[in-house]
Amino acid sequence: MTLQENFIGLPFIGREEELVQIHRFFHEVVHGDEVAVMWISGEAGIGKSRLLEQALLQFNEPDAIIISTRFYPDSVTSVTGMLSSALVNNYTVRKLYPREISATSESILSALRHLLQIRPTLLLLEDLHLLDESEAFDLKNLIASLRSTPLCLFASSRTGRNSAYINILPYIKRTLDLGPFNPEETHTLLRHYGISNGHDITTQVHESTYGSPLILSSVIPELMHYLLSIRQGNKNFQKNLQSKVNSMITAVSAELLWHLTPDEIRWTRRLALLGEIFSVEAAEALLPNSTDILTLLKAKGVIVDGVHFIEPLWGTTTADTPLRFCHTFVHQQLLQNIDFADIPVLSLIESEGAFYSITAMKAIAKADWSEASPALTSKVFQWLHSKVLIVSNLSPILAMSFNPLFYAFHDRYAEQWQSEEKLRNNVKVLDMKVCHYDVVEDSENYSIAIEELRRITRNPRNATEAALRAGALGATFNSRYPWKPQLLEIIAEGTRLVEHFPEIRATEEFTHVVFTVATTLRSQPDPSISCWVEQEFTYLLEEIPETDPLYLHLLTLVGSRLLLLFDTPEALSAKQNLAKRIAGSVSRERYWDFFWSYLVMHIMSGDVAKGWEMVQHHLQGHMNPDTMRRNILYRHQIEMMIYLGLTPADIHAAITDILHAVNTSNEVPSSVYNTEETLRNSLVTTLLDKRVITSYPEEFLSLAQEIAPDKGTFNNNDYATTSTDSLLALCIVHHDLDRLAELLNHPFPISLHSLESLATSVVTREALSPTQISELTHLLRTPPVHLHQLWFTQLAIPLIEMYYSNSQEKMPKPLVDASREGVVVALKWAKEQRLAGLMGPLIAIAEKRLSKKQVEEWRREEEQQRKENLLAYSPRKATTEREQNKTILSMLGSITVTIPNELPQKVTGARVKQTLGMIVASEILSKQFSLEEFRLVATEDGTDYENAGNYFRIIVSRLRKLLGKESLITRRAAPPRLNRDVIQVDILDAIEHLENCARAMKVFNIRKAKQELGFALGIVMKGTAFPTLYGDFFESARLDFEGQIKRLTLQVAHTLTNSSDHEGAVDILRQAFNYVRYDEEVFEAFVVSLERVDRHTEAFAIKRHWERMIEL
17 MTLQENFIGL PFIGREEELV QIHRFFHEVV HGDEVAVMWI SGEAGIGKSR
67 LLEQALLQFN EPDAIIISTR FYPDSVTSVT GMLSSALVNN YTVRKLYPRE
117 ISATSESILS ALRHLLQIRP TLLLLEDLHL LDESEAFDLK NLIASLRSTP
167 LCLFASSRTG RNSAYINILP YIKRTLDLGP FNPEETHTLL RHYGISNGHD
217 ITTQVHESTY GSPLILSSVI PELMHYLLSI RQGNKNFQKN LQSKVNSMIT
267 AVSAELLWHL TPDEIRWTRR LALLGEIFSV EAAEALLPNS TDILTLLKAK
317 GVIVDGVHFI EPLWGTTTAD TPLRFCHTFV HQQLLQNIDF ADIPVLSLIE
367 SEGAFYSITA MKAIAKADWS EASPALTSKV FQWLHSKVLI VSNLSPILAM
417 SFNPLFYAFH DRYAEQWQSE EKLRNNVKVL DMKVCHYDVV EDSENYSIAI
467 EELRRITRNP RNATEAALRA GALGATFNSR YPWKPQLLEI IAEGTRLVEH
517 FPEIRATEEF THVVFTVATT LRSQPDPSIS CWVEQEFTYL LEEIPETDPL
567 YLHLLTLVGS RLLLLFDTPE ALSAKQNLAK RIAGSVSRER YWDFFWSYLV
617 MHIMSGDVAK GWEMVQHHLQ GHMNPDTMRR NILYRHQIEM MIYLGLTPAD
667 IHAAITDILH AVNTSNEVPS SVYNTEETLR NSLVTTLLDK RVITSYPEEF
717 LSLAQEIAPD KGTFNNNDYA TTSTDSLLAL CIVHHDLDRL AELLNHPFPI
767 SLHSLESLAT SVVTREALSP TQISELTHLL RTPPVHLHQL WFTQLAIPLI
817 EMYYSNSQEK MPKPLVDASR EGVVVALKWA KEQRLAGLMG PLIAIAEKRL
867 SKKQVEEWRR EEEQQRKENL LAYSPRKATT EREQNKTILS MLGSITVTIP
917 NELPQKVTGA RVKQTLGMIV ASEILSKQFS LEEFRLVATE DGTDYENAGN
967 YFRIIVSRLR KLLGKESLIT RRAAPPRLNR DVIQVDILDA IEHLENCARA
1017 MKVFNIRKAK QELGFALGIV MKGTAFPTLY GDFFESARLD FEGQIKRLTL
1067 QVAHTLTNSS DHEGAVDILR QAFNYVRYDE EVFEAFVVSL ERVDRHTEAF
1117 AIKRHWERMI EL
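With the numbering used here applied, the sequence shown corresponds to residues 17 to 1128, in that order.
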């Protein structure tokens, strides 16, 4: 008999408080006026279903309609299919709703609305953790469509933030997390089966099973059988009982909880190295090309979606839940005899998808690696070092227990490594030995550390390591201990050694030493150390060749950190001298950060004009003036001002001086993107950035409004719309009605995205309280004359509807008529603009004003629009047999990837998208970003230098899983590149067509040029390039790309017109106008071409459309 056959269903025990909560929640919802969800979560077998069954039996609502359904891991039925089946199979539903119910959203919603009008209705959904992202999204849409009805939902799920939880979170009004039995409940359960306290086993069984209902359900039959088989008075009873319970717990953990076959246990052994709770990302990295087994293990709970870190159990068996106990069991049982020949070690070490447990680390450190190559043992050592650092931060005591294994591993294999690698690894060991004394705040340990460092520094054998390490000692102790003369003495002693080891100076680690000393000594500047820092910077810039990657790394660090060296007035001269030396060496556009630092230095010294003049002088011939203007007011530069302690008034004065310096310079901006108005709007956007405005919210909001232009006479570019959107959003969120009224009386350009998000936010009551809604409604009842009717339709009408729905007043008939007409206009406009996200809230308003037939028609339109939007963002179809075998990457609209014979999937994660964007942008701009720049983008905020390499490897690993293994070309010390033989990028294809068009124009092949330009425009019409990646290089890539389209379009159209092909010119200009809609030159050429072919009506309509945009 297997354990599965021995499993029994337990009676309902305890949970009285939970039952009361469920009953109270049901009565509150069915007597309310909106949908509500109670989220019931717990581990597998904890008793979620038993609790709901008992609650339903005790309901005192005889007329209530109870509809229940359960989701299964292997089911291919959709959410709508499961719900329709539950409705059809319910006798009460069939009696009250005789119509046919199909597996469509419309049919299900119609049935539920009908039932809710007749009786209280309860919907029970079990095991929602099994829904994927698309199914959870469908469920959210169904609930959203019923949000104004008193539908009560009970949703059960495994513990964790899964897709279903995230999607329906706005409708979850209460949560209930079920835990294991307490000792009293375990005692009641055992007594139910005749196992009384007289046997003196209740406490032992509870502690051994952790009160888990799932474990108890299997242990109780075995325990009853064992108790019946022994004779009364057996002297060995207690001893045998302990071993019997332990063996049953082990068996349950290994076979019942995991439900694994022998083959699955082999895979689980590999996964056991990845941590206490395994993430899907880690499992995919370790088990490549194993989709079936991954799906199976995920369904059985071995790997968990979205889990990247769980507080580790450190190999103990004191888990408080069955799931965590089971993971611990796998570690203890499987890791004892791991065959490392069976483990893909390289994949394991390169994977960063989950936290690595102490048990796994010890197993790897103790393993015999004698037959491994030196390269592999060095990689294992580096992996262990990165994990030791994590453990040191989490638990110093555990670090002390693991460090000896780490040192022993180093001693066993250090002689195999090459000299340079050996040096670097020795430094890591030395670093850990030093930091080891910092785990206890004790003066005695501090003294021990000082003596250890002194010994290391004076030992000739360790001179090279000491030269690197001594400079960084300040950072080790400065956070906990005051500076002491002996520590400064050791630093000076170690730094003097550098002069005798020039090869050490030319290392990346040494540049970090210099910065560590400089930034650490800011609080207590020492003249001798200050001189040393300046001397070392000078040496590095003079001795390191400009072509050396280290030179780029050094200048990047100097540019971002120069002002942070010292904060004292005495240091200003030293900083300026150092800046001049570096400025003489800079010849690349990417070092803008340094020049900004140089400019801010002059701001602090009161000579802004001089600083701007010096920047222009140094950048002459190396950076486009337009690029300088675009970069001058970026967010991180304002952040630097705040960090330096400048007040809002100081920042205001500095910005005014900068704008004056820019306007009075001799350089003339070459495009509309670099006018003063654009700079002002860029500044408004910067000041309202959430990372900036949190410093001085009121002051910066006022400053932003003061600096913003008074009128929108410029083109509707991103800076203008973003600044206006930010102001509007902040005014609404902060309930600043005066500022909002003032903004609405200025014809700022408003982006469609802002209009959709603001209106949706207002309609769904996410931003405003009822009082605010009331006041804002009165403000918007009479919109300014110059505002477009849509503003009134999109914002005022929903507010007015909400105001009267929450008050005792009756809406006046003119407003009723305006609301009815306005909603229809708004829906039509939202459909034209493909704003499916806005149609849902508007349809909810339309239900009160329009007929049921009209509402159903609009719901179908909304569903159709969502489908069209998905198709519009899909990559274009492969046109050749060669392309059909390629992975297609679309950088237009939402970034998507389509692998051959698979559906497209969106790329998620800001850092993943930024890295991918950098790779593509480097090809667009023919500009190779350094590996260091890629690593910094991969970190959280661009400052975590220590872990930048690890973060970067994680992102590269994810990109390879997303795009295919062969999609990226990575070489040692070189940035990643796309492998164009196996991956196709639509934006690069468009650029290739544009280049072919330009070549055809040079040889006067107008037919070929027109064809290639048509191909390019056909690609880019699907969306904006890099829609969510407006950093400096992404913005440059986008502007260059759009400028190239505009230039070639005008050339081709002009040539076609001269050759009397007026229709061809119209076709090309129409496509270009639809893409660069706000460009005046394209607009004028398009209108002229239409008039040439006597299409005066269409030309007049285009002019009216253009005038309306200008007015807005």
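Among these hints, one or two may not hold up.
In silico DSBU-like links for lysine-lysine, alpha-carbon gap of 35 angstroms or less [stated by the list, open to error]: (1) Lys1119 / Lys189; (2) Lys1119 / Lys929; (3) Lys981 / Lys382; (4) Lys902 / Lys1062; (5) Lys844 / Lys156; (6) Lys1018 / Lys189; (7) Lys922 / Lys981; (8) Lys977 / Lys378; (9) Lys395 / Lys382; (10) Lys156 / Lys111; (11) Lys156 / Lys1018; (12) Lys189 / Lys922; (13) Lys864 / Lys929; (14) Lys929 / Lys403; (15) Lys844 / Lys902; (16) Lys847 / Lys403; (17) Lys1119 / Lys395; (18) Lys1119 / Lys1062; (19) Lys156 / Lys1119; (20) Lys189 / Lys1062; (21) Lys1018 / Lys981; (22) Lys395 / Lys864; (23) Lys902 / Lys395; (24) Lys864 / Lys111; (25) Lys869 / Lys902; (26) Lys847 / Lys981; (27) Lys438 / Lys977; (28) Lys156 / Lys864.
None of these hints come from the bench; they were simulated from the model. Computed from a prediction, not measured in an experiment: that's the story for all the values here.
Exercise. Is it true that the CA of Lys1018 sits at most 35 angstroms from the CA of Lys189?
Worked result: Outside the cut-off at roughly 66 angstroms; violated.
Problem set entry | 35 angstroms limit on alpha-carbon distance, applied to hinted pair Lys922 and Lys981 | Roughly 18 angstroms separates the two Cα atoms, so the pair holds.
For this session: With a cut-off of 35 angstroms on the C-alpha distance, tell me whether Lys1119 and Lys1062 pass.
Result: Within the cut-off at roughly 19 angstroms; holds.
For this session: Would you check the hint for Lys189 and Lys922, treating anything up to 35 angstroms between C-alpha atoms as holding?
Result: Cα-Cα ~30 angstroms, so holds.
For this session: Below or equal to 35 angstroms on CA atoms is what counts here, so check Lys156 against Lys1119.
Result: The hint is violated at about 43 angstroms.
Exercise. Within a Cα-Cα threshold of 35 angstroms, do Lys156 and Lys1018 meet the stated pairing?
Worked result: violated (55 angstroms)
Exercise. Has the given pair, Lys1119 with Lys395, been kept, meaning a C-alpha gap of at most 35 angstroms?
Worked result: violated (66 angstroms)
Exercise. Do the alpha carbons of Lys156 and Lys111 lie within 35 angstroms of each other, as the hint requires?
Worked result: holds (28 angstroms)
Problem set entry | Hinted pair Lys1018 and Lys981, Cα distance within 35 angstroms | Violated - the C-alpha atoms of Lys981 and Lys1018 are around 40 angstroms apart, more than 35 angstroms.
Exercise. For the pair supplied as a hint, Lys1119 and Lys189, is the alpha-carbon distance within the 35 angstroms limit?
Worked result: Violated, at roughly 51 angstroms.
Exercise. Under the criterion that the straight-line Cα-Cα distance not exceed 35 angstroms, is the pair Lys156, Lys864 satisfied?
Worked result: Holds. Lys156 to Lys864 sits at ~22 angstroms (cutoff 35 angstroms).
Exercise. Lys189 and Lys1062: Cα distance at most 35 angstroms?
Worked result: violated (52 angstroms)
Hints 1, 2, 6, 11, 13, 15, 16, 17, 19, 20, 21, 22, 25 and 26 from the earlier list are contradicted by this structure; the remaining hints agree with it.
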